[in-house]
Amino acid sequence: MKPISFKTLAVATALLCGAATGSVLAEDKVAERTEGKTPAYPGIPADSLEKFGGQAGVDVWVDDLFYYILADNRINQIFNTHGHVQRQMALNKELESMVLGGPGRYTGASMSAAHAELGITVTQFNAVVEDAYLACDAARTPYHVCNQLIAALAPFERAIVTK
Amino acid sequence: MKGLKGSKLPVRRCAALLATGMALLGGSAHAGILDFYNDGKVLATPGVSMTDGAGGGGITPWAVITGYETRDGINADFHYTYVNLPNYSLNSLGAAVGFYDRVELSYAYDILPTGSTFNTIGLVSNAVGGLLSSPTLGPILSGLGLTTGNQLAGGVDPWNTTIKMHVVGAKVRLIGEAIYDSDNLIPQVSVGGFYKWNENKVLLETLQAAKSKDWEAYASITKIFFPVSTLLNVTARYTGANQTGLTGFGGPDGDHKKVRVEASLAYLLKKDTAIGVEFQQHGHNVDGRNVTLGGGLDLTSLVNNPLLGPTLKGLGVDSALVSTLTQKESNWYDAFVAFFPSKNLSITMAMAYLGQITFTPNQVGYYISLQTSF
Ligand code: HEM
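Here the protein sequences line up with chains A and B, keeping their order.
Read left to right, the first sequence gives residues 1 to 163 (this note's numbering).
Read left to right, the second sequence gives residues 1001 to 1374 (this note's numbering).
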């Protein structure tokens, strides 16, 4: 094996960074979508929604999620002050089913529009991620299946976190 | 704050001061001095502390920044790692701080008791040293450059040779989000470096390393593939280290820095448990080399010397014994399980397959590491 030189390493790193900056700056289509599952690597498996318990499973998960969010002192004030929890729960049931490959459409505001005024930090976003895992535990959704939903929601961070 | 200036009553002013002080310390509701503290990363996502002190796996630095802070603050961690091998035990103690999920600074102190590994060197140097006073052989040794006994100690303290190395490190995250960018293949990319200084200069000379202090630079890419609960890290490290620097840097013909590849593959079993494997490419700077005494005198040439050889053989120092002092370095592998019972504690256990270290082959042992984060 021909040894890689320090220069090659430096150039490769710089090229990778340039390419990445370019594509992140491009418009964030993922957060504007209203149908179809979120692209992921590797892709969200075809049986993901089924493993999640179908639409009924997603509904239970969203109910649990909002139970944990409203019990989470790190973020519940935001939901109490700015949220419309009934509407959010209904829309999240559409959204999570859609991103896992369900047939339905999401009819709410885009992720960037819905959260634009809230000044959400990545720390608060992660608090919701932790509550999402708790909701999976509560619904006895296996961790590796839960991670498929996490994969499908993670790219929304770029649209939701504005601070 | 208003109460502080507005109130004329001393008691009220005092109470306001006290309240301000509490707010400063508590810092949650009000702006305060501890406001930089943050532990907002998701459990397990910062990885653990590697033996050089950086955030990563057990032996490889990752592109993740150490600590539980997000871009909103600062977090720090401390680690103690113990590796038990047939002929060595490695203790690594360290501290690291992560700033805004962007920059990481680390320090590690690696202590490696070597048991009886280097006792043969002690035996040989004693035998050779004894010849210095011989009226016939002494002058020959002086002619080869050996004059005093203490030149011969070789940095070895029989039964008690402990190698000590300090490592300072820094890492910067350049681009990418290992976690959030799950819809594309762009990894998180960081670059970093270490400066390592080993306290056992004489022993490292005996082992024919070119240097006892050196720097290393690396680029790491980390990506989490959430649909399959898998994390992959690949690191390219530009280094001339022998056994990570514990036995020095470079060999007889220079410091020999090269890019070496390292990789970690982890499967997330549960939100608080990960299992995985690691690989670290090592160099061959002193492979096939013997040891030297008195700053450059090869033992093979001593036992092959027609005048000294027979006497040394009589003392038990022959080419067979000297050939047991042939060095070799192997690539490192490990298989680990890491538990994250809370954001304040992680426990990593591993089997380490480190191959040959200096003269001793088959260094397979266990690794346990504790890390606390605040
Ligand atoms: C991947 C993570 C998230 C998803 C999928 C998500 C999804 C949604 C959806 C579907 C809506 C309803 C949009 C509409 O009314 O048309 C919404 C609204 C909202 N979200 Fe999120 N959200 C996420 C993260 C967060 C976080 C981290 C926070 C705060 C900590 C947050 C706070 C809110 C609030 C307060 C609203 C109501 C806004 C309003 O009615 O004006 N969300 N979110």
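Hints listed in this document are in silico derivations from the structure and should not be mistaken for laboratory results.
Possibly wrong hints are sitting among the right ones.
Calculated pairs, DSSO-like style, for lysine-lysine (alpha carbon to alpha carbon, straight line, at most 27 Å) [as the list claims (entries may be wrong)]: (1) B/LYS1201 x A/LYS7; (2) B/LYS1258 x B/LYS1328; (3) A/LYS93 x B/LYS1270; (4) B/LYS1258 x B/LYS1213; (5) B/LYS1211 x A/LYS7; (6) A/LYS7 x B/LYS1270; (7) A/LYS29 x A/LYS163; (8) B/LYS1270 x B/LYS1211; (9) B/LYS1257 x B/LYS1213; (10) B/LYS1343 x A/LYS7; (11) B/LYS1343 x A/LYS163; (12) A/LYS51 x B/LYS1270; (13) B/LYS1211 x B/LYS1258.
Residues of chain A clear of chain B, computed beta-carbon distances all greater than 12 Å [stated by the list, open to error]: (14) GLY54; (15) VAL60; (16) ASP63; (17) LYS93; (18) GLU157.
Since the structure is predicted, the reported quantities are computational estimates derived from the model, not experimental observations.
Yeah, the Cβ is synthetic: ideal placement off N, Cα and C, and Gly gets one too.
| Claimed clearance of chain B by A/GLY54, with the beta carbon kept past 12 Å | 19 Å, holds
| message | Next pair to validate is A/LYS29 with A/LYS163; report whether the Cα-Cα distance is within 27 Å. | response | Holds, because 20 Å separates the two Cα atoms, which is no more than 27 Å.
| Within 27 Å, alpha carbon to alpha carbon, are B/LYS1258 and B/LYS1328? | 17 Å, holds
| query | Straight-line Cα separation of B/LYS1343 and A/LYS163 no greater than 27 Å? | reply | Satisfied, since the Cα-Cα distance of roughly 23 Å is no more than 27 Å.
| request: Please settle this one: A/VAL60 was flagged as non-interface, so is its CB more than 12 Å from every CB on chain B? | output: Given that every Cβ of chain B is farther than 12 Å from that of A/VAL60, nearest at about 19 Å, it holds.
| message | Tell me if the straight-line CA distance from A/LYS51 to B/LYS1270 falls inside 27 Å. | response | 17 Å, holds
| Would A/ASP63 pass as off the interface with chain B, using Cβ distances and a cut of 12 Å? | 20 Å, holds
| Does the alpha-carbon distance linking B/LYS1270 and B/LYS1211 stay inside the 27 Å limit? | 44 Å, violated
| said: Checking one constraint from the list: CA of B/LYS1257 to CA of B/LYS1213, max 27 Å. Satisfied? | reply: 13 Å, holds
| message | What's the verdict on A/LYS7 and B/LYS1270, does the C-alpha distance respect the 27 Å limit or exceed it? | response | Measuring from Cα to Cα gives roughly 40 Å; hence the hint is violated.
| query | CA of B/LYS1343 to CA of A/LYS7, is that 27 Å or under? | reply | Judged against 27 Å, a Cα distance of about 38 Å means the pair is violated.
| task | Take a quick look at whether A/LYS93 and B/LYS1270 sit within 27 Å of each other, Cα to Cα. | result | 25 Å, holds
Against the hints set out earlier in the document, violations occur for numbers 1, 6, 8, 10 and 18.
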